[in-house]
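Chains A and B, in that order, are what the protein sequence lines are.
So the first sequence is numbered by this note's numbering: it starts at 1 and just counts up by one.
So the second sequence is numbered by this note's numbering: it starts at 1001 and just counts up by one.
Because the hints were derived from the structure by calculation, they are not lab data.
Note that beta-carbon positions come from the ideal geometry of N, C-alpha and C, so glycine has one too.
Each hint should be verified, as a subset may be incorrect.
[To be verified] What follows is a set of in silico ranges between Cβ atoms, one per label pair, in the way DEER data are often shown:
# : chain 1 : residue 1 : chain 2 : residue 2 : range
1 : A       : T181      : B       : V1308     : 35 to 45 Å
2 : B       : E1130     : A       : V46       : 58 to 68 Å
3 : B       : S1064     : A       : N184      : 32 to 42 Å
4 : A       : S178      : B       : R1115     : 35 to 45 Å
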Amino acid sequence: MSTVANTLTDSATMLRRNLKHQRRYPSLTLMLAGFPIVFLLLFVYVFGGQLGSGLDVPGATHGGRGAYLTYVVPGILIMTVASAALGTAISIATDMTQGIIDRFRTMAIARAAVLTGHVIGSLLQTLAVLVLVILVSIALGFRPTANPLEWVAALAVLGLFSFALIWLSTALGLAAKSVETASNTPMFLTLLPFLSSGFVLTATLPVGLRQFAEYQPFTSVTQTVRGLLVGGPVGSHAFAAIAWSIGIAVACYIWSIRLYDRRRAAAAS
Amino acid sequence: MTIATSAGSAIRAVKVRKSYGDHDVLEDVDLTVAKRTIFALLGPNGAGKTTMVRILSTLIRADSGDIRVMGHDVEIEADAVRAAIGVTGQFSAVDNLLTGKENLQLMADLEHLRRDAGRNKVAGLLERFELTDAADRLVSTYSGGMRRRLDLAMTLVGSPQLIFLDEPTTGLDPRSRRTVWQIIRELVADGVTIFLTTQYLDEADELADMVAVLDHGRIVAQGTPAELKRRIAGGHAELQFAEPIALRAAADVLPNATPDNDQLTLQVPGDGSVASLRHVLDKLHDARIDVASLSLHTPDLDDVFFAVTGRPTTADADHEQKALQS
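Given these sequences and hints, build the entire structure.
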């Protein structure tokens, strides 16, 4: 078998292993889904009345709670992607403490297979959680105007960004010395959606923060998804979102593989 | 003729060195393991046994040295080495979140066995390792002995030519220990080469064709179990007496024995054979001396260590722990 075919077969085997883990221990998946849903309810029902009154955005008929729901759902979807990526760092770090990783390393299996199995597993998990969060939003009254093609495009952008953050989380999980560290270091990912256009208009932010918010990747992704689902400009945001995603994914893939190889060299004591 | 020799050996390691910081874990270790034999690396905790296994099995790199495993260089041809070996480490390398059967199937998939061949292999190994009844239970519910058996079964899925067993019976009850020994013998009968590490001389004695004693990262003795034991003076019989007068009388009859006046015991050096024991007892019988009880002390790792290094093993373990903590 060729190297490429081996990599694919071995990655598929590792993916099956990770999906079995997820199915057998659904608590992590439920936690990943619960977190954004709680924030959705909190922001719509507690803060929504106040925050919505100042809104004038495309897709929102008039101010108030309903308008804020329409505004915040794309932000919540980005938050879902970010918090789900957190789970990857934890499961990678946990896996690295298991003896079976050493067994994999003494077998002639494709080098990246252990990691890609985790990454694809997490990506599928994130997509499942995203669908759940979207269904809850619709149940709460979210009425997107997107046509099927826009839906597919929105999910593709979310999926690509998720892929990038999962590779980032993989690298952080590998870099962590313990499972506890691995669950803490990617925490900043859950903070970044708040410092973007996800929850409030960037125009309302003080100057320094506004500049940060306007140029950080979460804003481009949020604006792209928002534009696709409820209307509004997409063009330059979409370009930035895709560029950010590919850039982060490639950099963190290389970083992860290096860390995985280095752990192999250091795993003696 | 190096090439011819290495082609005939399962392992050929020359001047292997490895250190962590200032701590030298392995210093110029030379090893040769012939194909289809059992080689035992004997040593106390922290002697460097696990590090040696990890280097030979491509998990870590040596700082220097020339190492060929099944004819392949461990650094340049790591994948060829990996394809030929199987490793069962000291800590169980099983997936706790899967069932026993799923663990074996995972190995079959990673070895790229065809679907039906893989299934047959898995069923056969479950049967052989007495795990058929527990096949569909999660491994997290397995006992220590079952995990060790599953671990070994997983190593065998790929039909390796050379198997590394790092302390395969540490922590096992006597019955499971016997089972593991039996399996190891069967594997060698099938043509597999075994490299095992152990803290127990009796295990090396029972199984190995060749034994190397590792101490502080150096090979301090090497040979067949019989050769090694000949170097050890630790074997003795211990006689217990009821009266001090009996002890004194016995000490007169057996001049090379060491009396202990407080415990009323007499240590009689010997090789533990029935003939030598009968000789001792006959002498006591002829002198009409009553022996309250008798116990036999066979040479163990402490004795080997004492014989080849001049110090007991416990000090070693302490030293090593300090080295690991620093």
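Evaluation of the provided hints:
1. A:T181 - B:V1308: 35 to 45 Å: This hint holds: roughly 44 Å between Cβ atoms.
2. B:E1130 - A:V46: 58 to 68 Å: 59 Å, holds
3. B:S1064 - A:N184: 32 to 42 Å: 39 Å, holds
4. A:S178 - B:R1115: 35 to 45 Å: Once the Cβ atoms are compared, 39 Å apart, the range 35 to 45 Å for B:R1115 and A:S178 holds.
In terms of the numbered hints stated before, the structure departs from none.
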